[in-house]
Structures are given as C-alpha cells and as structure tokens.
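Below, each chain spelled out in residue letters.
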Amino acid sequence: MNTVDSLKSFWKSPLRRNQALLGYLFVSPWALGFLLFGLYPIIMSMYYSLCQYDVLRIPQFIGLGNYRELIMEDPYFWKSTWNTVFYTFLRTPMAILGSLLLAVLVNNSVRGIRFFRTIYFIPSIITGVVLSSIWLWMLNPQYGLINTLLAFFGIQGPLWLQSPEWSKPSIIMMSLWSIGGGRMLVFLAALQGIPQQMYEVVDLDGGGWWNKFRHVTIPMVSPLIFLWTVLEIIFSFQVFTEAYVMTKGGPLNSTMFYNLYLYYKAFDDFSMGYASALAWLLLVFILIVTVAQFKIGQKLVYYEGEKL
Amino acid sequence: MMLKTPSRKLLKTIITYLFLFAVATMLILPFLWILSTSLKGNESIFVIPPKWIPEQFHWENYANVFEKMPFLTYLRNSVFISSMTIIGTLLSSSLVAYAFACLKWPGRNGVFIFVLATMMLPMQVTMIPLFVLFKNLGWLNTFRPLIVPAFFGGGAFNIFLLRQFFLTIPGELFDAARIDGCSEWRIYWNIVLPLAKPALATVAILTFMMTWNDFFGPLIYLSDKLKGTLALGLAMFIGQHQTEWGMLMAASVMMMIPMIVLFFLFQKYFIKGFMMSGIKG
Amino acid sequence: MNLIKTLLKIIGFLTIGLMVVVPFLVTRSEKPVTGTTVIQYWHSTGQKEQIPYYLTAFNSINDSIEVKSVVIPWQEQEKKVLTALLSGNPPDVINQFSPVVKWASRMALRPLDDFIKRDGLDSTVFFPSLWKEMRWQGHIFAIPVYTASYAFFINKRLFREAGLDPEKIPQTWQEVQQYSRKLTKYDKDGYFTQIGFIPFYQQALIPGQSTLPTPIILAWQLGAEFLIEDGQALNLNSPEMHRACRWMLDYMGDFDMDKLSTFTAGFGYGDQHCFVSEKIAMMILPSTFPEHIESYHPDLDYGIGMIPSFPGFPTTSFSGCWWVAIPRGAKNPDESWEFIKFMSDKEIQLASVEAMEENLFPANQRAAYDKRFNKDRETNIFVKHIELAHSAAVVPMAHDVFWREFYNAIEHIVNKIQTIDEALNQAEKMVNHELLKTLEYDKYVRSKMDY
Chain A
0 MNTVDSLKSF WKSPLRRNQA LLGYLFVSPW ALGFLLFGLY PIIMSMYYSL CQYDVLRIPQ
60 FIGLGNYREL IMEDPYFWKS TWNTVFYTFL RTPMAILGSL LLAVLVNNSV RGIRFFRTIY
120 FIPSIITGVV LSSIWLWMLN PQYGLINTLL AFFGIQGPLW LQSPEWSKPS IIMMSLWSIG
180 GGRMLVFLAA LQGIPQQMYE VVDLDGGGWW NKFRHVTIPM VSPLIFLWTV LEIIFSFQVF
240 TEAYVMTKGG PLNSTMFYNL YLYYKAFDDF SMGYASALAW LLLVFILIVT VAQFKIGQKL
300 VYYEGEKL
Chain B
0 MMLKTPSRKL LKTIITYLFL FAVATMLILP FLWILSTSLK GNESIFVIPP KWIPEQFHWE
60 NYANVFEKMP FLTYLRNSVF ISSMTIIGTL LSSSLVAYAF ACLKWPGRNG VFIFVLATMM
120 LPMQVTMIPL FVLFKNLGWL NTFRPLIVPA FFGGGAFNIF LLRQFFLTIP GELFDAARID
180 GCSEWRIYWN IVLPLAKPAL ATVAILTFMM TWNDFFGPLI YLSDKLKGTL ALGLAMFIGQ
240 HQTEWGMLMA ASVMMMIPMI VLFFLFQKYF IKGFMMSGIK G
Chain C
0 MNLIKTLLKI IGFLTIGLMV VVPFLVTRSE KPVTGTTVIQ YWHSTGQKEQ IPYYLTAFNS
60 INDSIEVKSV VIPWQEQEKK VLTALLSGNP PDVINQFSPV VKWASRMALR PLDDFIKRDG
120 LDSTVFFPSL WKEMRWQGHI FAIPVYTASY AFFINKRLFR EAGLDPEKIP QTWQEVQQYS
180 RKLTKYDKDG YFTQIGFIPF YQQALIPGQS TLPTPIILAW QLGAEFLIED GQALNLNSPE
240 MHRACRWMLD YMGDFDMDKL STFTAGFGYG DQHCFVSEKI AMMILPSTFP EHIESYHPDL
300 DYGIGMIPSF PGFPTTSFSG CWWVAIPRGA KNPDESWEFI KFMSDKEIQL ASVEAMEENL
360 FPANQRAAYD KRFNKDRETN IFVKHIELAH SAAVVPMAHD VFWREFYNAI EHIVNKIQTI
420 DEALNQAEKM VNHELLKTLE YDKYVRSKMD Y
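Residue numbers (numbering that gives the first Met the number 0), protein chains in the order written: chain A, 0 to 307; chain B, 0 to 280; chain C, 0 to 450.
No lab work stands behind these hints, which were simulated from the structure alone. From a predicted model like this one, the values you see are computed outputs, not experimental measurements. Accuracy of the hints is not assured; some may be wrong.
[Claimed, not checked] Lysine-lysine pairs mimicking BS3-like chemistry, simulated, CA-CA at most 30 Å apart:
| no. | chain 1 | residue 1 | chain 2 | residue 2 |
| --- | --- | --- | --- | --- |
| 1 | B | K134 | C | K330 |
| 2 | C | K370 | C | K278 |
| 3 | C | K131 | C | K155 |
| 4 | C | K374 | A | K247 |
| 5 | C | K184 | B | K50 |
| 6 | C | K167 | C | K330 |
| 7 | C | K116 | C | K131 |
| 8 | A | K211 | B | K103 |
| 9 | B | K134 | C | K79 |
| 10 | C | K374 | C | K345 |
| 11 | A | K247 | C | K278 |
| 12 | A | K211 | B | K196 |
| 13 | A | K247 | C | K370 |
| 14 | B | K226 | C | K278 |
| 15 | B | K67 | C | K67 |
| 16 | A | K11 | B | K226 |
| 17 | C | K79 | B | K224 |
Given these sequences and hints, build the entire structure.
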C-alpha cells in the first residue's frame, strides 16, 4: 500500500481518527514551544552558516563557502572530529555499563541503601570550576591522588592531562565518576518496574544469577539502555566544558574537541558564520548516527508496550 | 539450590555491602576534598602532601560566603526558578511523551526524530538568535527565558526519557481501559502517571540538577544583581588573579546540600517492589 | 501517624512557599534620586572590595551623576558584554581586559576623539605602549586605567647554592643559559629536581589563567616585525622569530624532553607553583607575583631584575591593560565620559591602586612614577617594563587565531614534532587565511553600515 492509501484508510476509522487528533493535541505543547522558541534560532543559525558574521554587525552572505573551507582546508575540523569520535565511542559503552551495574547493585533493600545511593549521586552534581579544579589536583602526575594510589601498587602513572596520549582518557575517567547520577537513577527506576514474578520464573526453571540478568533484567531495561546509548552519543559529541576549563584543547591539540573548536570560532574569533556551519555539520552527523541506532534498536529493544 | 539458607543469605548481604562500600569510597572522594577544602585557609589548600584534615578549621569560610554574595537572595531565586521549571517540565513533557508512546498518529516517528534533532545543535550557535528573540519579547532581565520554555515540552531529553518509560507499560492496559470507555486523558492521568512515578521523580531530580547548576542562562539573561542565582554567585569567587578557594568550596557545599537532601527524600519513589507491572491493576 | 505526616508535609510546603514569596514582598526597589543621571559601570576588578574606590569618590564629588557598580563574573565576561551590546541596552561604561581592538574593530565602542578634543585630555600622561592599544584606524576608543607588568625573577638561595652571585641578575640570554647549567640538578635516576630556566614554559597562578609566551619576547627583542603590508598580513617565519626559536631549541638541547615534561607536569598551583616551590631558579613572572609569594612562601629569597635580552638588543616586555570605554548605543555618553575622565586622573589613580590592593599599576605614567607609588626598586623595575612593552594584540583583526596558532607552533617545535620552518609556516598560513577573511568581511560591512 502506498502512503496515500494507507493514510486514507487510516482516517476512515473514527477510532483511529480520534486517537490521531488526540495525538496532535498532546504533542501541541512541544510543537507550540518549538514554533515560539525553537524555529527562529534554528533558521537563523542555518542562515548564518551561509554567511560571514561577527555577531556585532551584519552578516555577509557567502553561500557554501564556510562548508567548503571546513571540509577542504581546515585541519582542525578533521582533528577535532577524530578527537570527538574517539571520546564518544570509548566513553559511551563504559558509562552505560557502569551505570547499569551500579543500578543493579543499589537495587537492593538492604539497610542504608538510601545512603549509598545518595553518595553515588553526589559526584554528578559537582560541576564547573569546582569539578575541574578537583580533577586538576587529583590528576597531577606527581602528587595527585590517582598517581599516588597507582604508585602504591607499583605502577608509575602517566602524565594524564599533560600527555597527548592520556588527555582524552583522563577526561573520560573524570566523566565516569558521574555514573551514579541521572543514568543510574533512570536504570534504577526501570529495574523497579520489573515484576518480581519474572525472576521467580527463572528461579523455578533452575536458572541462576546470570540467567536472570540476561533474560529478564536486560530485556526489560533495554528501552532505557537504548535511551542512554542514544543520549550519551548525542551528548558526548558535544563535549566541551572539561576541555575548555582544564586543557584548552591541548596538549598538542589532543583535546581539541569539535564543540570546543566551534566555541573558539564563535566567541573568540567572532566567526559565528563558520561556527554555525560547524554546528550544522555536527547535527547532520549525529542525526545519521541516531537514526542508525533507531534502526538497530527496532530489532534489539524489547518494549512491553507499543513497538516503535 | 533454590532455597536460600540463612548462611547463603548472609554471604550475599556481606558481598553486597562490600561492593557498596568499595564503590562508595571511590565516588565520595571528590566531595570529601571539597568539604576539606571548604574548611581550609588559602595557605594550606595546595600543600603537599595533600592534607585531608585541615590543621585549622576555618569555619569562617562559610560565614564569609554570606558577606561576599547575597546568598539568601540567590537561594530564593534559584529555588523559584528550579521549582517552576520542574512543574512545567513534569506537566508538559509527560503529555508530549504520552503522545509519542501511547498514541498512534501519522507522522509520529518522524516528528519524534525531529524532536531529538533539536538536541543535536550545539547551543553556542542558537544562543545569540535566541537571545535576540527574548530581547524582542521584552523578557530580558526577567526569569521568563529560564522558566517559560519548560512549560512547552520541557526539552527533548525529558520527552525521550518519559517516552521510553511509558513504552514499558503493557499494551493490554491501554486496550482494557479503552474498551472500558476511558478517555485518553483519564488513561494518562489515572493510569500512566501513577505507574510512572519513579520516572517522574527522576525527571524532577534531573531537572532540578540542571537548573540549579545552570550558570550560563542566568549570566546572559539576568542583569540585576538581586536577580542572580546561586550558580552565578559562585562565579563571584573566581577572579583574574585570585580565587577564593575556601569560600568557593564552602558555597559549593551549601549549594549542593538542597540537591542531596532532595535526592535522599525522593528515594521513597524508588523502593523495590513499589511499582508493579500493572497487569493486576 | 498519618496526621503527623500530613502536618509535617504542610509545614514543609509552607516554609518553602514563604521562603520564595516573602522576599519578593520585602525587596525594595532602588529609586534614583531625581535630578541625577544614573549610569551603569560594568567591571570585574576590585573584587576585594566590590565597590571600587574611584566609584565612591566620584559619586561623592558629583551631584548630578551617580555611578552604579555592577560586578560581572570574570569568567565569561566577554559573553556578558556581547549580549549586552546586542540587547540594545548596553551599560554606560565598561571595564575590560581583552584587547580594545577586538571590540573597536567590530564597531562596538563609541569613539572618544570628540570628548578628548573638547576637554583637552592630555594623552601623554599615559604610557605610550598602553596608549597605542587604544587606537584603531585613527580613532581612540578607550582610556587605559590599570595594567600589570612583568619582570625577571631569580631565586637568590639557589643562586648561592650554585656558587653564583645572587645580586648579579643575568642580563643576556647567554648568561641565562650559562647560569642555568649550574642551576639544573638531577636525581640518581636522571630526573630533574631543579632547573635553571625554561624558555617556553610559563605557568599560570591559578588554573585556567592564560600564560605569558616567552618566545615572542625573544622575537621582539631581536626586532621582529609581525604585522606587515600595512596590517594586511602576518609575517611569522621572519629571520628574527626563526632565530629566537633556534636559540630556544639550542637551549633545550641540554635537556631530555620527556624528563622535562614529567618535571613540569608535576607543578601545581598555590605553593606548588614551580617558582614558589623553588623548582625553577629563574622565571619571567607578573607583577602580581610578589603578593603570591607572600601568601604561600614568605621566606622565599628572591630578586627582581630586567628581563634579559640578546647582547646589543634592547629588552622588552608584554603588555595588556584594563581600559574603560563607552559601548556603542549607550544612552548617556556625556556622563560616561565624565566618569572615565575622572578615573584617569593621576591622584585618583594613585588612591585607587592603593585601595584596591590588587597589585595593579596605574596606566597614568605620572602616577606610576610618583614617589608615593614608586616606592621601591621592585616597583620601579615593573614600571620600566611597562614602558618597554609590546602590545599583546600582535595581529589585531585575528587576535585569538594568532595566539592559538602561535602556542600551537611553539608546542610542536619544542616537542620536535615539526621543524621550525614547518611550524611557523603553518601557523602563518592559517593566521593569514583568517585575516584575509576578516578583512574582506570588514570591508563589506563598512560599505553597508555607517558608524
């Protein structure tokens, strides 16, 4: 059936029509918000990406000049893309696995569990300069906590943030301290929703801990795992603050992330047009990756409710 | 092997506690350092080997914070902005998520991807036109740019989150309710929302976190000194040549306490077994 | 039990509600005194006391103008000013550290020539090196108020230990190299425990602060001209810059780069700063440093001298200053000007610098040379450096790109990842490319917009 026919048959059924109208109604707050607050900035940024523009004065239309220059002539574009991709694909699996395991750990009703969950939550609310200064101190190669602990085991720790090879892993490590935050919370909420009966069924079948995890926990939590995979990738591609505050893109441009470069172009160099072009390329890239994930997700994610 | 003898249960508990403690020790370190630094004077902050327990307890760091910035005013503003934003977000994002998860309508999937796409454009480039937009609306130097957008969908992140949660609710529930003649609104309000309490609590906590720590929004939209937020106030301790580390950490601690307390209290929505699958309901 | 719970809940809600609502009711809005013009002054200095001395002084003298102090966070202050300019309602006077050129070249500031001429402001009272930075395309856009300076610091104790005369501060880079060989010590594994001098290494006082690029000082001393073709292009791979880099590499030949990186990576802040913790014997440091030493290591035995140079070449320093200006679109330019004029007065500058306690130097050189300020040899050395300084705005229209590429090039040269030619040429190419784009754009805008 082609789209028009299926649409026509769709509208014929009053029940479905009713639901559809309600669907539009329920979605309207977002739609309205988008028209009011989203549309203008997005269209303008698209326009700026086709211009030279220094924010303080008027834009000069230059067509696809920014894009061409980005792709053909800018070494930072490629370097920052590589840095960002490396960061994203190294970090995402670790973050999600870590939060999930942590959620399983705290999905317990032992005494004082509330206390532990709160402790795990705390690192995720430390931000900004405070966070960066703590980590600059902790990652100091000579007297920082991390290297002191490693020395205890006889390992000589690397130069962390000052080493081109270890700078990205340092930042990844830093971000992993927040696995007890929102992510863990979401997984915890999902784990709460798994009916006890399901585990009991596995028990009756003679299965152990691993079977429960693999055949009950993972599928039931899979919508949220999917959520976080998609979200982590979207957010990781936009990594910015740590590099901005602590390393400024160094050493040797090893932490020059895409969004950091974009920021420098936008606000230091006042090249908002160029920065907008960078932004739109990023959007396209993330979009492609996300849609790919949805296609894969259709096969792997289990929804007890509606299927996608 | 199926029965849990008392000693097996004990072993399990011990192992659990072992893991819990081990992880807790690692994760709490940054916070302990903040606490420790908040009680130090400038002279001992960078000392090697690092001192965890300060020689002298500089309690006055905490008192000085109130002198250096209008803490209570900023607290009030932060509370106001955060609570309004939470209300707006909970209401609107749950509505919109319901549309994506529980209702069928043409174009639903495409629009959803579109919603997600709005998260993919770095805010650095939309910030300026958005600022100009708010200026034209006359909303500069008010709390409105920080609060109003929350009532219009609450952000793609929250919509996505709630959508995923709503999708875990079994379809039979909806079918049964609809056959019974329930309106969608009633299903939303009386069935879905109560079942999603942990999810809603999560959204509330996350929203609170984001608005509480938000430095950038208040920076560019608020000009009056008395309209500032706590996050903005923290920035006052950082100067070009000098940073008041002790006070900065003390202020941070005080800023984190409401969030910690809130999180601790909201735990009651996360009690195991609280949310049943709903088939019985 | 339920009753108590409900009661507690209600009390909880009421408390929060009251906490939110009541302050709204009791906040008094400030009513301006009629007859006076209130102008807004945005700044981030004077953090030790939020309302600067000169502001209070001005308000007490002036009945018809009242200046309101608005302290903006040091972080992201440029963004705040940027959005203020866009809002159409900018502050009346701004105080900034970033180069004037960044704003002036983008038509963000109101030219001050008419005021200067009308009131006969004598621009010779300011340090010429600072005054130069206020100018753009023939107009003056700002007035310098405060500045910081640099000098060459040595650790007298380490000198004595190495058998060097602590009162003889090296005057040439060759001497620095000689002394450094005596001042560099290793442990049994060959790792550094102490080093004499590192030409390209600078360390900020606090995390995130920008650092001084020593290599450019070397190039300036040798007479390098960076901006050529009437400001249209950058010449980075000049013979002078090349020579400076070669000298640096030669100097670094004495050291193992890996071990050096390990050594420098271990430096921290506060009393872990490399000079404070006596790990480096000689260093170029800012004028805010003595106070830093006072708070972290008061017994440090150090001396200050002029920055060394190459034999036969004059020394120089690096300048940047705090300036005040009137944003374009500010509503009360005349009143703003009165305040600005006041701030630049010699007596006011002396008193303010005294009161602010931030180790800032007055931009008014009469004030800087006045005996009340220039009390000791140390201060005098710093002041002399201000006179000799070159501006940090080496490539005005591509300032940030230049510095990013410059640091990048030095990093690559020193780590032997690129040769001097490769690194300098690459940086030059990138900066010129950006410069060209910016100049073209500027031409376009000026043809369409009238200032």
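Right, here's what the structure says about each hint:
no.: 1; hint: B:K134 / C:K330; in the structure: holds, 17 Å
no.: 2; hint: C:K370 / C:K278; in the structure: violated, 35 Å
no.: 3; hint: C:K131 / C:K155; in the structure: violated, 36 Å
no.: 4; hint: C:K374 / A:K247; in the structure: violated, 39 Å
no.: 5; hint: C:K184 / B:K50; in the structure: holds, 28 Å
no.: 6; hint: C:K167 / C:K330; in the structure: violated, 56 Å
no.: 7; hint: C:K116 / C:K131; in the structure: holds, 17 Å
no.: 8; hint: A:K211 / B:K103; in the structure: violated, 33 Å
no.: 9; hint: B:K134 / C:K79; in the structure: holds, 14 Å
no.: 10; hint: C:K374 / C:K345; in the structure: holds, 16 Å
no.: 11; hint: A:K247 / C:K278; in the structure: holds, 25 Å
no.: 12; hint: A:K211 / B:K196; in the structure: holds, 25 Å
no.: 13; hint: A:K247 / C:K370; in the structure: violated, 42 Å
no.: 14; hint: B:K226 / C:K278; in the structure: violated, 46 Å
no.: 15; hint: B:K67 / C:K67; in the structure: holds, 18 Å
no.: 16; hint: A:K11 / B:K226; in the structure: violated, 55 Å
no.: 17; hint: C:K79 / B:K224; in the structure: holds, 13 Å
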